[in-house]
Structure formats: C-alpha cells, structure tokens
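Asker: Listed here are the chains, written in short residue letters.
4 protein chains.
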Amino acid sequence: MRWQPNDLVLILSPEGKRFLVRIGPKKFSTHHGEINLEALTQISPGDVIYTHKNIPFITVKPTLYDLIFRIKRITQIIYPKELGYILIRLGIKPGSRVIECGSGSGALTLALAWWVRPNGRVYSYEKEERFLKVCLENLNYVGLKEWVELKHKNIGNGFDEKNVDAIFLDVKTPWMYFHHAWEALKGGCVLGILVPTTNQITESLKFLEKNLFKDIEIIEILLRRYKTVAERLRPEDRMVAHTGYLIFARKVNDK
Amino acid sequence: MRWQPNDLVLILSPEGKRFLVRIGPKKFSTHHGEINLEALTQISPGDVIYTHKNIPFITVKPTLYDLIFRIKRITQIIYPKELGYILIRLGIKPGSRVIECGSGSGALTLALAWWVRPNGRVYSYEKEERFLKVCLENLNYVGLKEWVELKHKNIGNGFDEKNVDAIFLDVKTPWMYFHHAWEALKGGCVLGILVPTTNQITESLKFLEKNLFKDIEIIEILLRRYKTVAERLRPEDRMVAHTGYLIFARKVNDK
Amino acid sequence: MRWQPNDLVLILSPEGKRFLVRIGPKKFSTHHGEINLEALTQISPGDVIYTHKNIPFITVKPTLYDLIFRIKRITQIIYPKELGYILIRLGIKPGSRVIECGSGSGALTLALAWWVRPNGRVYSYEKEERFLKVCLENLNYVGLKEWVELKHKNIGNGFDEKNVDAIFLDVKTPWMYFHHAWEALKGGCVLGILVPTTNQITESLKFLEKNLFKDIEIIEILLRRYKTVAERLRPEDRMVAHTGYLIFARKVNDK
Amino acid sequence: MRWQPNDLVLILSPEGKRFLVRIGPKKFSTHHGEINLEALTQISPGDVIYTHKNIPFITVKPTLYDLIFRIKRITQIIYPKELGYILIRLGIKPGSRVIECGSGSGALTLALAWWVRPNGRVYSYEKEERFLKVCLENLNYVGLKEWVELKHKNIGNGFDEKNVDAIFLDVKTPWMYFHHAWEALKGGCVLGILVPTTNQITESLKFLEKNLFKDIEIIEILLRRYKTVAERLRPEDRMVAHTGYLIFARKVNDK
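Going line by line, the protein sequences match chains F, L, C and Z. Quick note on our numbering: the first sequence kicks off at 19 and runs consecutively. Quick note on our numbering: the second sequence kicks off at 19 and runs consecutively. Quick note on our numbering: the third sequence kicks off at 19 and runs consecutively. Quick note on our numbering: the fourth sequence kicks off at 19 and runs consecutively.
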C-alpha cells in the first residue's frame, strides 16, 4: 500500500542519516538536495525516493525505536536498551494502567503509550511546565496522545490514581515518594526507578523495604555496537558507558 | 480483588526463591513446608501466604519477565535484556503480524504474543518436533496460545505468510533464508537475527545487502546486576557475559 | 637449557588443566596418571612429559601470571587484570620502594616484588597473623621473599618508612589511613586503593582531598574471555563481573 | 630532594590538564599564564608552582602511565589497561630479552624497556621509517633508549634473535609470522598478539596450533572510569569500547 497524506515517514540517506518527516505539500531539504514530500504518495514504504539532485533515500515506516531517537529532546531521555527492559519488567501489556513521573521529553511516555494500546492508559506527572509542553508536542506528533493523561503536578501529595498496574519514577529523590507509590499500586505489582548515581541507589534501598516493597532488583544495561563491515568485524571505538541504574521492587500488602 | 481458581501465581520465598504455580485443589511443596494452593483464593495479589510451618511467602501476579524465567526450557532461551530491545527494534505493537523461526522453548514467542494482543498474530516456525511440543505447552500454560500459530516446518522453501510487519530469525545459518524473509516482509520493515558467534555475523553481513536489506545494526547487550545491600553496594561477582549478537536490517523494495 | 633440580614448573594437561610443581625426587599424581618429577631434568622448558599412562603434559616456566593463579589463597586475591594496571599506575619500576597493606594471600606482594627487582623493596603490612603466614609461604615458594619485608602490624599508628615511591591500600576503611600514607609517600607520588563497594569510594573521596591528595582517578576493569574455536568465535558464557574499584591519587606537598 | 635541571616534570593545572615538560632555561605557556621552568629547581616533586598570573600547578614525577599518554603519537597506541596485562602475561621481568613488532609510536616499547631494566633488552622491529623515527624520539625523550634496539626491518624473513623470553606482535597479519616467532622464542615462552577485528582472531586461531603454539587465551579488557564526586558517584557518560583483542599462546617444542 502506498504512503498516505499526513503519514510519518523515516527517510534514510545513502550514508545512513535519519530524518523523520510528515507527508504534506512541502519540500524537505537534505544535504543531498530537496525531497518533494508530496511525491511520497506515489510510492510505498520500503521504496526509494530521489532528491532533485537524483540521490536515493530509503523511505520506511518509523518503529517505536525510530520515533524515540527523533523526538524533540529537552531532557536526558531513556534509551531503547533500558526502555525494553523496563516494559518487560513492569509487566506492561495492552490494557495496562500505568503511572510515570516525570514525563521529561516523553521517551518512556511514548513507549508506555505504544504498548498499553488499544485500551490502556498512561498517567504521566511532570512539575516542569516546559518539559510537559515538549512531551505533549512529541505525543501529538507521533499520534500517541490519545493514551496518555499528562498531569502538571508535583507528586509530593501523592498520585490521583488507585490500583494501577505499574509505576515508574525518574526523579531526583525517588525515596520521598515510595509511600505514595505504594498507595497507588495494585498489590504485588512492580515499581520501577531510574537513578544516575550510586548514592541514590543506596538511599532508595534504605527506604524501599520500610515502605513494604520487596523482591528488589538493581541492574545496569550496557549496549555495545559493532561496525557493519563483514571482513573487519569489530566493536565501535566508543560507547555510552552510563545512562542510569534501574531498580525494581514489588508492593507487598500490609500485614 | 482476590486470587481466582486457575490463576497463575508467582510465589516468593523469604530468601527470594521464585515458584510459578496454578491455583487448584492441591498442595505445593517448598523447602519451607507445604502451601495449600486452594487457600490462595482467600487472599489477594501482594498478600502473604503461610506454609504449614508458618513461613511467609509473597504471592504476586507474574509479569512477562517472571513467566519467561519460569517456563520449561529445552533450548537456550532469549533473555529479557535482549527481548525488550528486540520488541522495540522490530516495531512490535498491538495488532502486529510477525514471523519467528525457530520457536525453541518459546521465550520470544511468549513475548511477541504478549504484545501483539489483542488482534495481532505470531507465526512461529520450528522444524524440531520436540521443541515445538515444549513451546506449545509453555504457551498453553501461560495462556498465550490464542495469538500464536505454531508451524512444524522447515523454512527452506520460504514462509507461508506475506506482508508481515517483522521477522525474527534465531537459526544456525540465517543467511540461507534472507531472500525468503525479504519475500514475506512488508517494505521497509525490520528483520531481526540472533547469532552466538562472530563468524555468523560476518556471514550474515555478506548476504544482507545482496538481498536488499539495508540500515544494518549489530549490537550486544550486557546486563550487570547489583547486590541489594544499601551499605555495601556493589555489582554481583559474576555475570552472563554472552548470550548472542543481535543484527537488525530493513527490507528495501527492489528497483 | 634443561630443567634443573628444584625448578618451579607449570605443567599443562591436554585439556588445559594447570599444575605448579617443584622438581624433586617424587611423583606427581594427575587425573591422567603419575608424572615422575625427577625425569623433568632430562627435558627442557616447552618439552612434553608423559605420565605413566602415556598422556602428554606440556612443561613451561611459570610467569608472574601463572604464579598468581597457583599460589595458596586464604583471602580474595587481586587478579592480573587489576595487577597490571596498578603496577603501571603506581609507577613501579626496578628499584622502587613501595608499601602495601594488607598483605592478604600475597598476590599483589608477588607482583610488586617481581618488578622492584633487583634492588627495590616491598614493605607489606598485615594485622592478621594467619594471612601473613600464607603470604610468607607463597613468597618463599616462588622465590621472591628476598625483596619483601613482611610486617605483622596494624597501620593505625602509621608506617615505619618514609619517602616511599608508592603505597597501595587494600583495607576495609582506607580513609582512616590517608594521613599516614601522606606522611610516608614522596611528594607527587601515587597512592592506590582497592575497595569493593561504592559506599567505600564515596567515603574515600570525602577524605582524599582533605589529606592533600589530588589528581584522583576511579576506575573498574572488566576482562572478557573468548572461546578459542576459530570457526565458532564467541565470548565465554559467564565472566567475573566485579572484583573491586580502583582509586588512585597523588600526594601534594603542604603549602 | 629538589627538581634537577633536565628532569622530566608532569605539571597539572587546577582543572586537571596534564603537561609533560623538561626543566631548562625557558618558559612554558599554559592557558593560565607562563611557567618559568628554571624556577622548578627551587621546589620539589609534589610542590606547587605558580604561573605569572599566580595560578597554582602541581608538579610531579611522571610515571610510566603518565609518559605513555604524553608521548608523540603517529599511530594508534596500546593503552595502560592492555599494557599492564600484556606485561604480566608475557612474563616480563628485570633482565628479560623481548621482541616486539611493530614499534609504532612506541607505547609498548616504553613499557617493555621500563620493566626489563636494568639488564634486559627490547628488540623492536618496524618497517615504516616514519614510525621508527617517532618511536626513537619518544624513547630518547623519556630516557629509555638505552634498553631498546630499534630495527628498521620487515619480519618476513624472521627475527635476528634466538632464545628470547617473549614476543609481541601488533601487525595486520600476525599469522604470517608465527613460524618465525616460534623459531625466536625459548621453549614454553609466551607469544602475545593484538588484533582489532574478530576476523583476525579467527585467522590467528587457525594458524596457532599448526605452528606448535598451545595454551591459547583470547581476551578483551574494558576500563570504565567514574566521576570523582563523592555525593554523585557515577560512571562517566562515555567510554572506550574497543582498542583490540589480545591473544596469548605458548611455544611447545617440536616432537
């Protein structure tokens, strides 16, 4: 089936540069010349489009992975290497009701929305208005706003929801909100936490068990990329060494 | 809400041992004494149940993560650190139609089924009958069979499906099936590959571009776990150093 | 040149098992039969010796690397992956005068003695008599005692030496001895520290600058081993994920 | 003891920038003003020197570690994380006679010379004249030339030396020289190899055993650096992901 007006398209240059564009009556400028975006409706996903300088670009449907790397960023974002693990570890599935705080630029928000569809819901708290604005913009751009309730709110007084299936905290002092998380979670469900420093892990550990969270796991995930040359296979020279530590724990009901 | 008859329950011992049980009129034996599984219907997820020796076990709803580590294994399985990345990278979402080969013990099959719900479909090919049997057993046990079509079939003659949203190959000589994968995939969609050796990466790279696959990525993912002691925070002494390398590439339409 | 009576010999079984033996009038029992150690003097390093069951074992001169893995262990030892870096980072060279505390089983003691030869000296402090005994035994066994002064002493009152070229602390609360280390070190020289936990790094950092140590470095070293099969090249399945964190800092003279 | 004329001095800026200078009748320009190098003879290692803008710089004796990072580079160099392991693994000690090829910029040459002192010898082969020139310059600058014999020579016809204690190959096609290495090595001694790609490991493995090398080890070493902030302890954001793979094997005498 052909590309449709208003579709989001990922276009890849011959050297592998990636651009996310929306089909409409305009031109898109690349370092290899202009692409007539309306002409995309004459071809299909996977087809090649040519710039006015006759340079071929590949057109593909963006996956969640592509979207996350193309959204507008105003904060450090959570990367796919962590996102995938978080989703599995939190037990997210179609229909899940899940809380996150803070929204930031919305990378995790997107991922959660992507997978609670068609009938789940993401409650995303953010106290900084400018972050919330960017997050909203990103959700609208990729078409996932429908599954997200953005909340411009400090969580110092707790969450509005009860009986949610999972909670994820990406805030500076997560331990200050563990009792609120406990109140909002279903029994046995998982709380996830991202912190960049070991001091924050230590502090979190001190407070988790006090707040009836058990089955604690602390991990970090490293991703190593290889150069794609068959005859000279080797890792890339440099890699991301740290984005953050992930902590997971489960709510145990009071006794 | 209380546990229901026939529910799958993950029970955790005081030392963190994990058992997956199904509620029914029987007893479950642990190293701390017997648990009356029928009594679970008197309590709720997150509650504690006591063995006949009065030792408390926590009862929780298993997430995808829990299920994958509890299923019956007859082959090396793909672990959550890779599963999450694969799902995001393939662009799996509710409604996706996806092919995998081989089924193995079904860890990836479960993950795919979990996330294509409610209206997607997984086509899982496996030539070894005994693997297929275990995979089916696992799918039935966790209740995800409905979304999976198991196929006892060698893929040397190609796949039965056309226009699928993603394909994942976990076979010894993936390069022998790239042309079949190309035929079955939608334009621009992603082929994922898992191989344990660098020789297989080299071989795959040689054949990928020949078969009109581009936008190639090769990675490996390392997960490092930390001991959960606040005052003596440190990584665990040993870790898994290798499960496999992941390769991803996109179908480009013939020109 | 042939093996000599009393030589230390590393013998390798066909499967790669490693044994450290000393040539003398006795037999050595292996899982493949007995080796007559006196017969070694009829062959040379690199030659093969046969057990009474006619199984070939390779005989080689042990390097520092081999010795460290064969000494008697009563404590966790520092491994070659860290040892090499420590030696370079501390600036050890023939003739260096260096302090270490504690001696433990003597892995670092051996390495230091190995490289301060022929005219340097290692001052090794240890408060536990049973560790000191093992360390002494190991040094004597490998023939490096001559360059080491073992001191059965708590370092709470400081070190006996002045103007040493380097100090290495492998103790629980290194920060309690930074002022002593400062007193004993030459100006500008390097203090090295090994600690297993992040809490100890944090504590050390708090005290280092207070004690006029600058140019601080904190690292960890990971070693990944590969299976030696040409056609199926891949990392080993599991690896050591943590031995300890290394901290280095330099003494700055008071002003 | 005070700094002496002609001493090599490592000077550290308040932000940790590192400069290697030689004391003499000149000024050294920094981003914080000029340092009168002759004035260094009025102070001692570990003391602070002030620029004409009154900014304090720490003065320390460079260790091997410091020298390696300050020498002139015309090629990719081997870093301390690998150097230390190589030295231990090859069994280098005071008095060793060792061959390396190629010299490159001389990082390994320096390290070998540093540790074969006072009576050992390094035979360093290099076919590129411009590399040899830089290596010589570096050795002279740090004062280690005395222990090194630089050889402007292709090793296609073998090595000039016999009975050496160790050999290290850092060349593109090491397998072409295994028989020469075997000829030059003492029985049971270690051959070390550095290769950047997995294809080169595979090729080396194929040829090692054919040439009577056994006890093969293949590793890679990863170093992760932490930020030195006590209250916000965390790894640095990025790290070196790959310099090369190390292979070690031992010469077994013909039978």
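The hints are simulated quantities; they were obtained by calculation from the structure and are not laboratory data. Check the hints yourself; a few may be wrong.
Same chains, same label: a pair holds when it works inside one copy or across any pair of copies.
Stated by the list, open to error - Dumping the calculated EDC-like pairs for lysine to aspartate or glutamate here, alpha-carbon to alpha-carbon at most 20 Å:
hint	residue 1	residue 2
1	K35	E235
2	K35	E249
3	K190	E254
4	K145	E167
5	K90	D272
6	K245	E221
7	K228	E249
8	K79	E201
9	K111	E164
10	K245	E167
11	K111	E227
12	K90	E146
13	K71	D25
Asker: Compare the structure with each hint and give your call.
Answerer: Against the structure, the hints come out as follows:
| no. | hint | verdict |
| --- | --- | --- |
| 1 | K35 to E235 | between (37 Å within a copy, 13 Å between copies) |
| 2 | K35 to E249 | neither (23 Å within a copy, 34 Å between copies) |
| 3 | K190 to E254 | between (32 Å within a copy, 18 Å between copies) |
| 4 | K145 to E167 | within (14 Å within a copy, 46 Å between copies) |
| 5 | K90 to D272 | neither (42 Å within a copy, 33 Å between copies) |
| 6 | K245 to E221 | between (39 Å within a copy, 14 Å between copies) |
| 7 | K228 to E249 | between (55 Å within a copy, 15 Å between copies) |
| 8 | K79 to E201 | between (40 Å within a copy, 18 Å between copies) |
| 9 | K111 to E164 | both (16 Å within a copy, 16 Å between copies) |
| 10 | K245 to E167 | neither (41 Å within a copy, 36 Å between copies) |
| 11 | K111 to E227 | neither (27 Å within a copy, 35 Å between copies) |
| 12 | K90 to E146 | within (16 Å within a copy, 47 Å between copies) |
| 13 | K71 to D25 | neither (24 Å within a copy, 61 Å between copies) |
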